[in-house]
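**Student:** Chains as they are written, first to last, in numbering that gives the first Met the number 0: chain G, 0 to 372; chain U, 0 to 372; chain E, 0 to 372; chain D, 0 to 372.
Nothing false has been slipped in among the hints.
Computed list of lysine to aspartate or glutamate pairs in DMTMM-like fashion (alpha-carbon distance at most 25 Å, straight line):
| hint | chain 1 | residue 1 | chain 2 | residue 2 |
| --- | --- | --- | --- | --- |
| 1 | D | K297 | E | D7 |
| 2 | U | K297 | D | D7 |
| 3 | E | K335 | G | D25 |
| 4 | U | K16 | D | D48 |
| 5 | G | K178 | E | D35 |
| 6 | E | K297 | D | D7 |
| 7 | D | K4 | U | D35 |
| 8 | D | K297 | E | E121 |
| 9 | E | K216 | D | E356 |
| 10 | E | K4 | D | D271 |
| 11 | G | K219 | U | E356 |
| 12 | D | K216 | E | E356 |
Pair ranges (Cβ atoms, derived):
| hint | chain 1 | residue 1 | chain 2 | residue 2 | range |
| --- | --- | --- | --- | --- | --- |
| 13 | U | T114 | G | N12 | 47 to 57 Å |
| 14 | D | N12 | G | N118 | 17 to 27 Å |
| 15 | E | M52 | G | N12 | 11 to 21 Å |
Just so you know, the hints here were simulated from the structure itself, not pulled from any lab data. As the structure is a prediction and not an experimental result, all values here were calculated from the model. Idealized CB from N, CA, C, for every residue including glycine.
Chain by chain, the residues run as shown.
Number of protein chains: 4
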Amino acid sequence: MPKAKKSDYLNKNSLVKHIDITQFKDLDKLVAAMGDTSFQARNLSRAADIYDMALRDQNCSIILCLAGSLVSAGLKKVITDLVNSNMVDAIVSTGAIVVDQDFFEGLGFSHYKGTPFVNDAELRDLAIDRIYDHYIDEDELRVCDETMTRIIDGLEPRPYASREIIREMGAYLVKNGKKHDGFVEAAYKKNVPIFVPAFSDCSAGFGIVLHQHERLKAGKPMVSFDSGRDFLDLTYLKMYASQDTGIVMISGGVPKNFTQDTVVAAEVLGHDAPMHKYAIQLTVADERDGALSGSTLKEASSWGKVDLSYEQMVYGEATVTFPLLAGAVYARGAHKARKGRELSNWFEGPNFKYPAEKSKAAGKSKKTAPVGA
Amino acid sequence: MPKAKKSDYLNKNSLVKHIDITQFKDLDKLVAAMGDTSFQARNLSRAADIYDMALRDQNCSIILCLAGSLVSAGLKKVITDLVNSNMVDAIVSTGAIVVDQDFFEGLGFSHYKGTPFVNDAELRDLAIDRIYDHYIDEDELRVCDETMTRIIDGLEPRPYASREIIREMGAYLVKNGKKHDGFVEAAYKKNVPIFVPAFSDCSAGFGIVLHQHERLKAGKPMVSFDSGRDFLDLTYLKMYASQDTGIVMISGGVPKNFTQDTVVAAEVLGHDAPMHKYAIQLTVADERDGALSGSTLKEASSWGKVDLSYEQMVYGEATVTFPLLAGAVYARGAHKARKGRELSNWFEGPNFKYPAEKSKAAGKSKKTAPVGA
Amino acid sequence: MPKAKKSDYLNKNSLVKHIDITQFKDLDKLVAAMGDTSFQARNLSRAADIYDMALRDQNCSIILCLAGSLVSAGLKKVITDLVNSNMVDAIVSTGAIVVDQDFFEGLGFSHYKGTPFVNDAELRDLAIDRIYDHYIDEDELRVCDETMTRIIDGLEPRPYASREIIREMGAYLVKNGKKHDGFVEAAYKKNVPIFVPAFSDCSAGFGIVLHQHERLKAGKPMVSFDSGRDFLDLTYLKMYASQDTGIVMISGGVPKNFTQDTVVAAEVLGHDAPMHKYAIQLTVADERDGALSGSTLKEASSWGKVDLSYEQMVYGEATVTFPLLAGAVYARGAHKARKGRELSNWFEGPNFKYPAEKSKAAGKSKKTAPVGA
Amino acid sequence: MPKAKKSDYLNKNSLVKHIDITQFKDLDKLVAAMGDTSFQARNLSRAADIYDMALRDQNCSIILCLAGSLVSAGLKKVITDLVNSNMVDAIVSTGAIVVDQDFFEGLGFSHYKGTPFVNDAELRDLAIDRIYDHYIDEDELRVCDETMTRIIDGLEPRPYASREIIREMGAYLVKNGKKHDGFVEAAYKKNVPIFVPAFSDCSAGFGIVLHQHERLKAGKPMVSFDSGRDFLDLTYLKMYASQDTGIVMISGGVPKNFTQDTVVAAEVLGHDAPMHKYAIQLTVADERDGALSGSTLKEASSWGKVDLSYEQMVYGEATVTFPLLAGAVYARGAHKARKGRELSNWFEGPNFKYPAEKSKAAGKSKKTAPVGA
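Using the sequences plus the hints, can you model the full thing?
**Tutor:** Following this line, the structure appears as structure tokens:
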């Protein structure tokens with residue numbers, strides 16, 4: 000048998016193509032009809048109702064939490080469409096989705112359909128990385144790591160919240176990107192801040208490791224990822240920008256916990272922020288092992304994080320459930336009358352603009368004296 | 000019906016008690032016999048074999064990865080016993096396990112057995128937080144948050160790797176702790192470094208948020224969590240301290256990915272570190288949704304992270320599988336002839352001691368000029 | 000609190016309504032687009048391709064295998080539509096779906112939306128039976144049991160294959176039914192045989208138990224369920240009526256195994272029947288516990304039951320995945336050019352018409368001398 | 000690469016060996032300690048308490064429900080030990096466990112350890128059948144099928160409850176068996192009846208199919224499987240032999256539902272039998288898809304089948320949880336003071352001995368005039 004080549008696996012015919020929820024009729028009717036059935040179909044339908052309700056709530060900001068290999072799997076456009084349609088006001092994500100997948104594709108690269116029934120040793124030899132049933136070109140991933148190092152190298156040495164660096168990445172894509180359909184770029188343009196609480200756990204981690212290693216050797220000051228600031232910044236938004244919040248969680252993990260915790264963090268800062276008013280989660284995890292990802296939103300209410308009135312867990316894998324949810328809510332059209340919150344405008348560099356300053360800032364933005372300058 | 004009181008739920012009779020794997024005979028025989036059966040019992044048996052093999056490998060360091068509500072569920076002593084028996088050389092964990100659970104209990108607090116079939120609204124009124132089937136006193140958790148703020152307040156303002164702060168927590172427990180059976184304290188004493196890559200996603204996050212908020216208001220310099228440094232430090236260990244590594248993963252999440260990635264990070268730093276030589280994971284997640292927690296170790300080998308020869312997934316919930324695994328491997332006694340690697344000694348404050356420096360340091364530790372001073 | 004009444008739970012507003020896959024546009028486009036994504040969406044898309052391919056295969060009969068609470072959950076019309084559209088040639092099912100759910104609704108009764116978060120003791124007091132998140136009126140279920148007894152009482156005492164009795168049920172519904180949208184009635188009219196290998200494990204079981212109990216007391220001959228004949232009859236169909244078969248499995252359980260086994264049974268009878276040529280399964284079970292429901296179709300191929308070329312597992316809950324699958328395949332329209340196989344015509348009472356007899360029978364059906372007369 | 004031979008897969012070194020729960024010390028202590036932890040360990044511990052309680056309840060009979068590939072996986076001796084220790088009074092099982100696995104081994108055959116990562120096409124060529132991670136010799140399975148045909152051929156032609164035929168199988172093994180450590184033989188000797196409600200869905204099905212096929216061709220009367228009688232017989236036991244019952248369910252499926260339903264069946268016969276007093280289930284299924292296998296015992300109580308006081312679900316795979324459960328309960332020793340109920344003695348051939356007759360029968364068994372003679 001002749002030896003396999005990389006192009007046997009990664010080629011034009013095997014490209015993952017991102018699903019476009021704006022192209023299908025009747026997703027709203029389908030999901031509405033599911034509301035009179037049972038089990039996960041009915042849960043999905045109720046989740047869509049809650050998301051729709053949150054969008055029509057004038058005082059409510061939507062936080063989208065992302066985990067799992069969503070973008071590599073073909074859900075990039077779903078997220079981008081939500082951002083561009085003012086259906087999302089802030090994003091909290093794993094690093095892989097933001098950097099290794101969305102930003103990576105923005106650099107011009109792609110993901111490739113494959114199969115789990117493959118010889119991993121052969122893939123390793125070909126420098127092909129596997130995510131269950133699809134593939135990545137490891138050499139292209141290295142380019143992504145290096146791009147991150149270069150972006151970080153270009154920053155003034157100090158601690159950074161992830162949202163700052165991800166804005167830099169958005170700006171980079173606007174200027175240097177080869178594909179412009181990703182959500183990092185869309186969020187940059189729509190002033191939707193993106194938080195990655197475990198920012199070193201992805202391609203950005205490889206970027207920062209190389210940056211810090213070289214600065215250490217050179218004895219020079221360096222950039223660091225300030226994950227405490229991520230938490231503080233998101234908590235400030237909860238306290239000042241939008242007390243009423245709806246959280247749309249795709250999978251669980253750190254983004255879920257981190258976002259839910261902002262209610263408690265506000266309390267720690269002496270601020271009585273309301274619980275998240277609307278909360279839905281699409282997940283395959285379950286509660287019976289006691290882990291965070293599958294913990295129910297009812298359980299979260301015992302912690303004072305999530306209100307019991309409008310919460311819904313939907314158990315199902317996201318490639319199927321997320322397009323249905325997003326497509327149905329999009330089709331109902333609540334977004335048409337909704338303005339984006341542009342929550343990024345509450346920040347200026349590392350600083351948060353307290354409300355007083357912000358209102359002033361609206362008039363003459365240059366004169367603000369933001370917190371933490 | 001008279002209103003419930005907190006003590007109806009949280010009392011002496013409902014205490015979670017930590018299981019002691021050193022007290023049961025024949026766990027090694029049981030798990031060995033499982034090796035001739037099938038399904039998860041056989042997988043568990045093979046995982047024990049691999050762990051035992053890794054312990055007997057002179058050149059191999061063991062990294063224990065922790066996720067899920069392990070300590071609150073009664074597995075604290077299992078982890079502590081592994082640390083004290085030189086069966087673990089480094090720990091990578093979620094923040095909740097380290098801070099909200101182990102450190103929390105070290106402060107004198109406890110977890111309480113409960114049930115998932117309970118009214119969460121009532122729990123909320125009583126300030127009782129629920130983790131599936133057990134409870135935490137929310138007021139005690141606030142004491143934990145505040146203790147974290149106080150510890151952080153006492154630090155020189157600069158970016159910190161989590162391992163540094165967790166060592167401070169260990170030292171704090173030695174001096175001020177009320178229970179001394181936790182793994183944070185044990186790891187401190189045994190020089191086992193603990194890394195928490197998403198350190199703001201736990202009670203330490205509440206601590207840092209309050210610290211930074213007050214420093215910002217006062218216009219003063221502050222502590223930050225440098226998650227990039229966490230990654231760099233663990234990668235340095237992989238590069239210089241112990242090229243051969245075995246990873247024992249309880250659940251998945253960030254600790255799993257982060258630890259596996261050190262092989263790639265070493266490569267990014269121009270260092271050809273070998274893949275993790277031994278790798279086992281106990282998990283309930285599965286690979287079919289493509290998420291990281293359930294991704295197989297075979298898949299990880301396509302990324303060049305894990306060697307295919309000695310890897311084993313075990314699908315089962317950790318309260319059942321972890322005591323069996325740890326108990327069986329402990330009973331086989333490989334640890335008796337094994338010295339702890341004391342990997343914490345490679346660090347001095349924020350700095351990593353490169354090998355040359357380290358050997359010098361052994362003689363005259365004060366004169367080293369560590370990297371990154 | 001005043002005591003709850005049955006009508007608080009079971010009323011017009013809480014009716015489960017059956018989803019109508021013929022009413023939504025673009026399900027085919029949606030499912031086709033999923034084919035370029037990953038994970039279960041791509042699997043679902045491939046399953047639809049395989050089902051479509053099987054329908055276009057001139058020589059292929061389709062066997063639909065049903066398990067799980069499908070009809071009570073709102074999927075009755077999906078199944079009925081498949082039958083009426085010549086997309087199914089035989090059905091193998093659990094008893095509950097056929098008797099307690101479809102036949103039950105045909106008698107004029109309904110299922111009601113509820114919630115899993117309910118006091119089961121209260122439901123018990125109200126004679127309401129719960130299926131996870133929906134309800135059944137237990138008194139109405141007793142009427143169903145009694146109707147079954149009456150139907151069985153009316154039969155000549157001898158052993159019966161389930162398909163015979165289920166045809167009687169279909170005939171009963173045509174004459175006495177109050178709703179005529181079920182698949183038992185549709186299958187009766189379209190000559191689609193229905194097999195229930197574990198026929199005593201449902202409301203038919205209550206019917207037969209009462210029948211036999213009374214006949215025993217009276218010392219009279221009685222009806223019995225001959226599950227061996229079920230197996231023989233389905234095997235005869237595989238041998239003589241349609242060697243090429245496609246199996247569409249919704250959930251696993253006995254129907255899955257039973258149907259797959261017909262290939263082996265044919266072999267036992269000295270007949271070299273081909274493996275099932277097309278096979279898809281929608282399920283939440285997984286293979287890691289080694290049980291039948293989650294066993295992969297690849298595994299089934301080691302047993303010589305299923306061909307490897309066109310098989311696809313789809314992991315997801317059926318209320319979401321089955322309407323998508325059925326709706327997409329329906330929309331592609333292969334059924335328009337397809338004739339129903341009318342496999343019931345191979346049987347005459349308890350007897351199977353061997354091919355020679357059958358062709359004769361076509362001309363002069365009264366003169367056949369069927370096997371087993 | 001030279002072609003693989005059958006013996007490369009099936010040989011002395013790859014034999015599945017049955018785990019012996021009587022050989023390990025401290026399983027009771029281990030499982031008791033798990034009762035103060037959480038999640039599934041605590042559930043397992045409570046399940047053991049309930050099983051132990053049921054054994055000490057003088058008026059209670061224990062029904063063991065079996066599904067999943069338990070015997071092939073190495074759990075045969077666990078079941079046999081329970082039978083021999085008077086810890087089980089009746090068994091309700093899938094056919095595969097009873098016929099294809101236990102009886103099959105009794106004929107002298109074995110199961111072999113393998114791996115799921117294997118080429119199924121190659122196995123097919125070698126006539127090796129795979130069950131996830133272990134193998135069966137298909138040729139040996141044919142011998143089992145044929146033996147079943149021979150046993151059935153030897154019976155007087157009439158409808159049979161499965162328990163009758165399984166007793167014949169037990170008797171066959173006593174006389175002709177090559178291994179005598181199975182539970183079919185043990186149950187025969189201990190007068191523990193075994194019910195298989197879906198008896199045609201296993202090797203017995205191949206046996207009956209061949210038997211009936213040949214009788215049909217010869218125009219002769221034949222044996223049939225009367226699954227209604229199975230249900231009636233188990234219901235009679237519930238009504239007359241032992242009103243108080245404890246059910247120990249390993250996995251779900253038909254045996255679970257069938258056994259629970261006897262309470263309702265008794266009611267249908269005008270007999271007010273109490274709900275199952277004790278009920279535990281070990282399973283990997285979950286309730287969120289609404290299917291029977293994962294339906295909770297609380298849900299069953301809404302149907303009036305299971306009492307709420309002593310019920311416990313344990314979520315975990317049976318090769319790990321069943322030896323722990325059985326081993327712990329065995330070690331507590333309740334069985335030492337317990338007599339077997341010998342429920343088989345309530346039957347005489349096809350007939351059930353009503354209590355009056357039974358007491359008479361105790362004295363002069365020949366004169367009974369059993370029901371249904």
